[in-house]
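Read off the chains here:
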Amino acid sequence: MKKTFSRHSGVAAPLLIDNIDTDQIIPSREMKTVSKEGLGEGLFAGWRYTEVGGREPNQEFVLNQNSKIDSTILIAGSNFGCGSSREHAVWALSEYGIRVILAVSFGEIFHANCLRNGILAVSLSQDNIDALANASNEGEITVDLVEQTVSAASIKDWKCDFEIGAYPKKMLMEGLCPIEMTLTNEKAIDAFLQVDKETRPWVYTV
Amino acid sequence: MQGKTLLDKLWDYHRVADAGDGYDLLAIDRLLLHERTGGVALKSLAERGLPVKAPDRVFALMDHIVSFREGRGRDEARSPGGEVFITQTREMAQKEQIHLIDTDSPMQGIVHVVAPEKGIALPGLSMVCPDSHTCSLGALGALAWGVGSSEAEHVMATGAIRVKKPDQMQIVVNGELQHGVSAKDLALHLIAKHGASGGKRCAIEFSGTTIDALSVEERLTLCNLAVEFAAFTAIIAPDKKTLDFVRDSEFGPQKNNIEKAESMWLSLCSDDHAQFDEIIEIDASQIKPQISWGTSPEETIGVDDVIPDTASLKSLTYMGLQVGEKIQGKNIGGAFIGSCTNGRLSDLISASEILRGQKVAAGVKAVCVPGSKTVKHEAEKLGLDQIFKQAGFEWGEPGCAMCFYAGGETFPPEARVVSSTNRNFEGRQGPGVRTHLAAPSVVAASAIAGAICSPSELKNFKCEQ
Ligand code: SF4
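From first to last, the protein sequence lines stand for chains A and B.
Basically the working numbering = 1-based index in the first sequence + 20.
Basically the working numbering = 1-based index in the second sequence + 1003.
In short, the hints are calculated from the structure, not lab data.
Please read these numbers as outputs of a predicted model, since none were measured by experiment.
Built from N, CA and C at the ideal position, the CB exists for glycine as well.
Be a bit skeptical, because a hint or two may be false.
To be verified - Facing chain B, from chain A, some residues (calculated, C-beta under 10 Å):
1. Asp41
2. Thr42
3. Ser48
4. Lys56
5. Val72
6. Gly103
7. Met201
8. Leu213
So that you can see chain A by itself, here it is in the shape it has in the complex (with noise of 0.2 Å):
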């Protein structure tokens, strides 16, 4: 992971719709290669276009909205990235631009994925995910990770703090590779591992 983050402002593009799964965020048929490359116009195909497979702008999808287009914030409901664990849905999301996801919860293996790509996924409550929502009409979003709040240019003197782990924290600050880190910890996976042989040998004749 090479991207690092600390406090980002954009604009926010609101879609609250709860249990929005990750075949909506990019559907099956846009997947055409075996590569984390050139989904971004697979993002949300089916709402985005006014047919299947097609590249016809449906303008009333709130991305291709003029003052959306260029939105660096999602604003969702609950269990956003519900569905299959296809990362290519985070893939997508992070060609189009989005930075932050902000909703009222996600899907497991979706925020999970979230986090190895450096996109920042915040949980809010559902008065602050409308409150935002809101909000983002009328003037970009300020996501401050180092502060753990949010706020919006067009609400005066208001932030929402949020909660996230210090591990997350630091590995979307610092960028961190969790391959890397993980391989500091040979010496005891290789442990585990001999005694495990003799513990458990079945697992280790196939």
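Please arrange chain B with the ligand on chain A, whose structure you already have, making use of the hints.
Frame of chain A; chain B with the ligand shown alone:
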């Protein structure tokens, strides 16, 4: 001293180190891959120049986009341009010397069907796969969950994973399921009652007399749907049935180890005074055959119920339904039996009992795709293929098939389809397709009636038509 839960035991066993801030480093015994998300993980790892740490404990299978057409070619995909996923995954798997269960292997099938069937999944193992329904494997008493492709890459490179221990939920199911009510109905009932987020990212342990009475195949169905309940995963303590199920499997313990393995597996259960963060109790005797009416698995009712007045307009519009309507009797255009939820032998048997000597109604496209080559072979030995075909079902080559749309062949837009799968999301089975989730027996009965119908109503229903 406070007792340990089954999850605690599995977790502690595999815990290699503290990864900081509540995260643990867990050793992973098996990594499973499929061509849709696994190929990209293999490729990305190679691009980084990192080797696979334990290739003999990584398995790649072909299931998601392989064609289900009879006599399919080795690289034939059901989605346009999909061959590249098959060929690249094969190439990468061979290069990295991991196990490859290729399209033409007699073991081929859906990863979550093949893994338990062949002993790739075993009690007590820790397993991950870049596929959300990996939770199915918890039915054997294993710690198994779905991850993303980057996590899979991480496991290949290091043999371990960084993960935060989830909260724990116990779901106690007691009582006898009524005749004709299956594990699928139990799972759908649970999700309908407690919501699609009801699992709260917990690791769920299913227990109780109903669970004890379920076959291992039914337990796999139940745990399969845990992810639709927003659970981290599900587990069921191994018992004698589990041991019988995995005994003599291709990748299971060899003779000299079996006794040791089995005695270890039987110790995998929650202690008497173990504490859970949440407990849900279910009376199984009250559950009726279920069917989903909306676009989330929580939008589910009894087959003989009416659409509730709390129904969301968005779901109603997509599904072409109205509040207060009866779901039973709605005309259908399609029926699908298969998938990692209900594509096992017992599922095909339960559908065949309804289909025997019957004909699929005119205008219904009916497809059955066994979950694996082994299931297909066993079914054919029992003559089930003949029952399905004579009834008018297409009998396909194993894979995920019509469980999800990957481009290519599907049901037409707005077609109402009764499906033995796990997801009824908008467009899941094709643009505009209206998926109703149900047990295989309900799919079979509906296919014959040409309309949504529970097996017990099929007789009356046909008279009414
Ligand atoms: S059968 Fe369906 S749910 Fe199961 S692994 Fe395949 S696509 Fe996923």
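Right, here's what the structure says about each hint:
Nearest Cβ of chain B to the Cβ of A/Asp41: about 5 Å, under the 10 Å cut. The hint holds. The interface hint given for A/Thr42 holds, since its Cβ lies 9 Å from the closest Cβ of chain B, which is under the 10 Å cut-off. With 10 Å as the threshold, the beta carbon of A/Ser48 comes within range of chain B, its nearest partner Cβ sitting at about 5 Å, so the hint holds. Because the closest C-beta pair between A/Lys56 and chain B is about 6 Å apart, less than 10 Å, the hint holds.
The interface hint given for A/Val72 holds, since its Cβ lies 4 Å from the closest Cβ of chain B, which is under the 10 Å cut-off. Taking 10 Å as the C-beta cut-off, the interface hint given for A/Gly103 holds, the closest approach to chain B being about 6 Å. For A/Met201, the interface hint holds, the least distance from its beta-carbon to any beta-carbon of chain B being 8 Å, beneath 10 Å. Checking A/Leu213 against chain B by beta carbon gives a least distance of about 7 Å; that is within 10 Å, so the hint holds.
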